[in-house]
Structure formats: structure tokens, C-alpha cells
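> As a plain string of letters, each chain reads:
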Amino acid sequence: MPLVRIDALASRPGRLEALGRAVHEALIETLGIPPDDHFQILTAHDGTRSTLRYGDYLDVARDEGIVYVAITLRAGRTPDRKRALYRRIAELAEEYAGTEPRNVFVALTENGPADWSLGNGGAQYVGA
Amino acid sequence: MPLVRIDALASRPGRLEALGRAVHEALIETLGIPPDDHFQILTAHDGTRSTLRYGDYLDVARDEGIVYVAITLRAGRTPDRKRALYRRIAELAEEYAGTEPRNVFVALTENGPADWSLGNGGAQYVGA
Amino acid sequence: MPLVRIDALASRPGRLEALGRAVHEALIETLGIPPDDHFQILTAHDGTRSTLRYGDYLDVARDEGIVYVAITLRAGRTPDRKRALYRRIAELAEEYAGTEPRNVFVALTENGPADWSLGNGGAQYVGA
Chain A
1 MPLVRIDALA SRPGRLEALG RAVHEALIET LGIPPDDHFQ ILTAHDGTRS TLRYGDYLDV
61 ARDEGIVYVA ITLRAGRTPD RKRALYRRIA ELAEEYAGTE PRNVFVALTE NGPADWSLGN
121 GGAQYVGA
Chain B
1 MPLVRIDALA SRPGRLEALG RAVHEALIET LGIPPDDHFQ ILTAHDGTRS TLRYGDYLDV
61 ARDEGIVYVA ITLRAGRTPD RKRALYRRIA ELAEEYAGTE PRNVFVALTE NGPADWSLGN
121 GGAQYVGA
Chain C
1 MPLVRIDALA SRPGRLEALG RAVHEALIET LGIPPDDHFQ ILTAHDGTRS TLRYGDYLDV
61 ARDEGIVYVA ITLRAGRTPD RKRALYRRIA ELAEEYAGTE PRNVFVALTE NGPADWSLGN
121 GGAQYVGA
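Same order as they appear, the protein sequences are chains A, B and C.
Counting in the working numbering, the first sequence runs from 1 upward without gaps.
Counting in the working numbering, the second sequence runs from 1 upward without gaps.
Counting in the working numbering, the third sequence runs from 1 upward without gaps.
The hints are simulated quantities; they were obtained by calculation from the structure and are not laboratory data.
Heads up, a few of these hints could be off.
Said to hold, decoys possible - For each label pair, taking beta carbons as the anchor points, the in silico distance ranges come out as:
id: 1; chain 1: A; residue 1: Gly98; chain 2: C; residue 2: Val126; range: 25 to 33 angstroms
id: 2; chain 1: A; residue 1: Asp56; chain 2: B; residue 2: Gly98; range: 41 to 49 angstroms
id: 3; chain 1: A; residue 1: Gly14; chain 2: B; residue 2: Val126; range: 15 to 23 angstroms
id: 4; chain 1: A; residue 1: Arg12; chain 2: C; residue 2: Asn120; range: 19 to 27 angstroms
id: 5; chain 1: C; residue 1: Pro79; chain 2: A; residue 2: Glu95; range: 38 to 46 angstroms
id: 6; chain 1: A; residue 1: Arg74; chain 2: B; residue 2: Arg81; range: 32 to 40 angstroms
id: 7; chain 1: C; residue 1: Arg81; chain 2: A; residue 2: Thr78; range: 24 to 32 angstroms
id: 8; chain 1: C; residue 1: Asp56; chain 2: A; residue 2: Gly14; range: 42 to 50 angstroms
id: 9; chain 1: C; residue 1: Val126; chain 2: A; residue 2: Ala61; range: 16 to 24 angstroms
id: 10; chain 1: C; residue 1: Gly47; chain 2: B; residue 2: Pro113; range: 28 to 36 angstroms
Stated by the list, open to error - Facing chain C, according to a computed beta carbon distance under 10 angstroms, are these residues of chain B, among others:
id: 11; residue: Ala10
id: 12; residue: Pro13
id: 13; residue: Leu16
id: 14; residue: Gly20
id: 15; residue: Arg21
id: 16; residue: His24
id: 17; residue: Asp46
id: 18; residue: Pro113
id: 19; residue: Gly127
As the list claims (entries may be wrong) - Just some of the chain B residues that point at chain A, by a computed CB distance under 10 angstroms:
id: 20; residue: Ile28
id: 21; residue: Gly55
id: 22; residue: Asp56
id: 23; residue: Arg87
Virtual Cβ for every residue (Gly too), placed ideally from N, Cα, C.
All chains should be built: construct the whole structure from the sequences, respecting the hints.
What follows is the structure, encoded as C-alpha cells:
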């Protein structure tokens, strides 16, 4: 169910895929998402036609390695679970993609069980 | 008011437009959205610079025909209305775009009346 | 903290950057966002591979100058603050980017303090 958008500036081939893998494994490990519950939109921005902006808010020195991870998921995870998720995304983004933790930005948006259709025109989390 | 994002992998010309039409007509038919309340961001991903990931979660066999439909709308629709919306999006996506229902993924995010500005710097749903 | 997505059709160079600046300054002026709290994803659509759709809903005559501004932010701003934000975005989009106010569309999505990780794997708004 989580729908994940990852936006980064274009760089070496394979980085975006590695970031996608990092976020997906972090979701599995920390929130118990099933491995095949894998839904991602991965975009590398060319820096001209489309681009990213970032500041040093909270004294974090960000640079062009910035990665925006936006996750839509059902409400119900505790702050502790979310904290674990953020920590693991940052760790795996560094391990798999060489992205420094200071450049990993995550925002969650929660919705309800009736807000998902996972194929075949159904509303699977509320039946039918 | 609904703001609709549709993301698919690039394929034959016209598919994205057909998907946009399918979602828009489904919103009109099932939620009573006015026909000119039509706000969509349609993106075809090239599969390299930007791409989509998907799994077979809930035993739905998805493939590169996957379509992500993300709709932001005001809170207040019942689960039954949402269920009707999903069913109709899947039907029309197949009819207009040849997209199989198993490949149609929809996620809704709700907000409130003060969360919209529909032009001219106004907050039309709360006055002024 | 606000994460801002701006989507427009490709036009003259610099327009997207000007729109980003307009939205950022409006957030600073009306919501009191710190200047370095600057997180944006700016996309110019080519009109073929990716594109925008729009209608004349509420009798606003929109055209290919349409700009979609989607802002994710923590809950808590009053309708009055949001109203001020919309007004200022429209004013500055016109001043900086030459975009007519009728073409400025804004949607907000709110979340909670635990829904943000602003780098280093932390959950800064809830501690640690």
C-alpha cells in the first residue's frame, strides 16, 4: 500500500534504483510491509527542465545529493515506528546509493482504508 | 477541485490522455464533480531517467502497464462513493486506454475546504 | 518543512525558478517559515510526454499558463493564514514570473509532527 515518490537530481546510473531499494527495504523492516507491496514513482530531475530546491534548515548542510522521499500510507503507525523508518531509510540510502544521511528528506502523508484501490477496481482494505 | 496525478510508463501516443479522460469521467459520474472541475498532471516515465516500480501485492499480477492515480480531494466522500469511483476508473481506463483493471492503482488523500485556492489568490471554498 | 511541488508547462527559461521563488517568499511572509526551510520539486512539462489538464471551473478562465502548487505541511495554520498565503503566492507569481493570478492553483495537504524527517535519519519535530 504505501505509494512512494522519490525525487532526486540526475547523477550516476543506478542511483535512483538503489534509493528505491533502500526505501522499500526500510518499509519492510520497520513497518512490516510485505515485500511485494512495492509501489514507487522514481524521478531523476535534469536540473534545468525540472529541478529541486533545498536550504540548510535546522543546520543540515544539504547539497545536490538531496533526495525527497514522499510516502502516502494508511494512518496508524506510532511516532516510534516512523522514527525507526527514517533511521533505516537514511542508513540504507547511504549503503546502497552512497547518499549521505544529511541529504535524505522524508515526508509522510496518511489516509484511511477506503482511500486505496489496489487493482481490479476494488477497495481492498474495506472489502469488495 | 480534485487535483489528479497520473503516472504511467511511456507507451503508445494518446494513452496518457485516454487515462486522464477515464479518471475525469469517473469523478464526474461517481462523485458528481462538475465537468470543468478538471485539474490533472499527467506524466509518462521513460523507464530510465524516471520509472515506476510495482509488485504483485494481494496476488494481483501487475506489469509495465501499471498506472498510478493519486487524487487529492476534500474530505467527505463515503466509502461507498469511493468504491464506485474505483470501479468506474478501472472500467473506463480499460475502455478508453486499453489498460487492464489489474494495472490500475488509486490512492486518495483528503484535505479540508481551506486547503484550496482555485485561482486569483482566493480560498474559494471558505469565502474570499 | 513544507514540501512544495510546482508543476507548469514548459515556457521561457527561468519561469519555473521565478515561481519557486514566489511560493517560497509567500510562505516566509505569511506563515513565518524560516528562509532556509526551502524544499521544492519544480517540474516543467513538455506538453507531450507529460502534460497538464485544466478546466474553467468556478468561471476562472485558465490557459496554458496554469501552475499547480501542491504544498505538504504540518497541520495547524488557520484559514486566515492560508487565505493570506494564497493571496501572496498569486501576487508574487505575477510579479516574479508574469503568471496571471487566474492561472495559479494551490492545494495543501496537512500532516503531523512525526511525519517529517529533515535529514540524518531523524524525526526532528518529535525529538531524536
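> All the hints need checking, so say for each whether the structure fits it.
Hints versus structure:
Between glycine 98/A and valine 126/C the Cβ separation comes to about 28 angstroms, which falls inside the hinted range of 25 to 33 angstroms. At about 48 angstroms, the beta-carbon gap between aspartate 56/A and glycine 98/B stays in the expected band of 41 to 49 angstroms. Between glycine 14/A and valine 126/B the CB atoms are about 47 angstroms apart, so this pair departs from the stated range of 15 to 23 angstroms. Checked against the given bound of 19 to 27 angstroms, the beta carbons of arginine 12/A and asparagine 120/C, roughly 23 angstroms apart, stay inside it.
Checking the proposed 38 to 46 angstroms range against proline 79/C and glutamate 95/A shows it holds: the Cβ atoms sit about 44 angstroms from each other. The hinted window of 32 to 40 angstroms between arginine 74/A and arginine 81/B is violated, with their beta carbons roughly 19 angstroms apart. At roughly 29 angstroms, the beta carbons of arginine 81/C and threonine 78/A sit within the given window of 24 to 32 angstroms. In this structure the hint that aspartate 56/C and glycine 14/A lie 42 to 50 angstroms apart at CB holds, the actual value being about 45 angstroms.
The hint said 16 to 24 angstroms for the Cβ distance between valine 126/C and alanine 61/A, and at roughly 22 angstroms that hint holds. Against the hinted window of 28 to 36 angstroms, the Cβ-Cβ separation of glycine 47/C and proline 113/B comes to about 32 angstroms, which satisfies the hint. The interface hint given for alanine 10/B holds, since its Cβ lies 6 angstroms from the closest Cβ of chain C, which is under the 10 angstroms cut-off. Proximity of proline 13/B to chain C holds as hinted, the smallest CB-CB distance being about 8 angstroms (cut-off 10 angstroms).
A hinted interface residue such as leucine 16/B counts as satisfied when its beta carbon comes closer than 10 angstroms to some beta carbon of chain C; here the least separation is about 7 angstroms, so the hint holds. Against a cut-off of 10 angstroms between C-beta atoms, the interface hint on glycine 20/B holds, since the closest Cβ of chain C lies about 6 angstroms away. Of the supplied interface hints, the one on arginine 21/B holds, with its beta-carbon coming within about 9 angstroms of a beta-carbon of chain C, less than 10 angstroms. Among the interface hints, the one on histidine 24/B holds; its C-beta lies about 8 angstroms from the nearest C-beta in chain C, closer than the 10 angstroms criterion.
Proximity of aspartate 46/B to chain C holds as hinted, the smallest CB-CB distance being about 8 angstroms (cut-off 10 angstroms). Hint status for proline 113/B: holds, given a least beta-carbon distance of 8 angstroms to chain C, under 10 angstroms. For glycine 127/B, the interface hint holds, the least distance from its beta-carbon to any beta-carbon of chain C being 9 angstroms, beneath 10 angstroms. Using the Cβ-Cβ criterion of 10 angstroms, the hint placing isoleucine 28/B at the interface with chain A is not satisfied: the shortest such distance is roughly 17 angstroms.
Because the closest C-beta pair between glycine 55/B and chain A is about 3 angstroms apart, less than 10 angstroms, the hint holds. Because the beta carbon of aspartate 56/B sits about 5 angstroms from the nearest beta carbon in chain A, less than 10 angstroms, this interface hint is met. Using the Cβ-Cβ criterion of 10 angstroms, the hint placing arginine 87/B at the interface with chain A is satisfied: the shortest such distance is roughly 4 angstroms.
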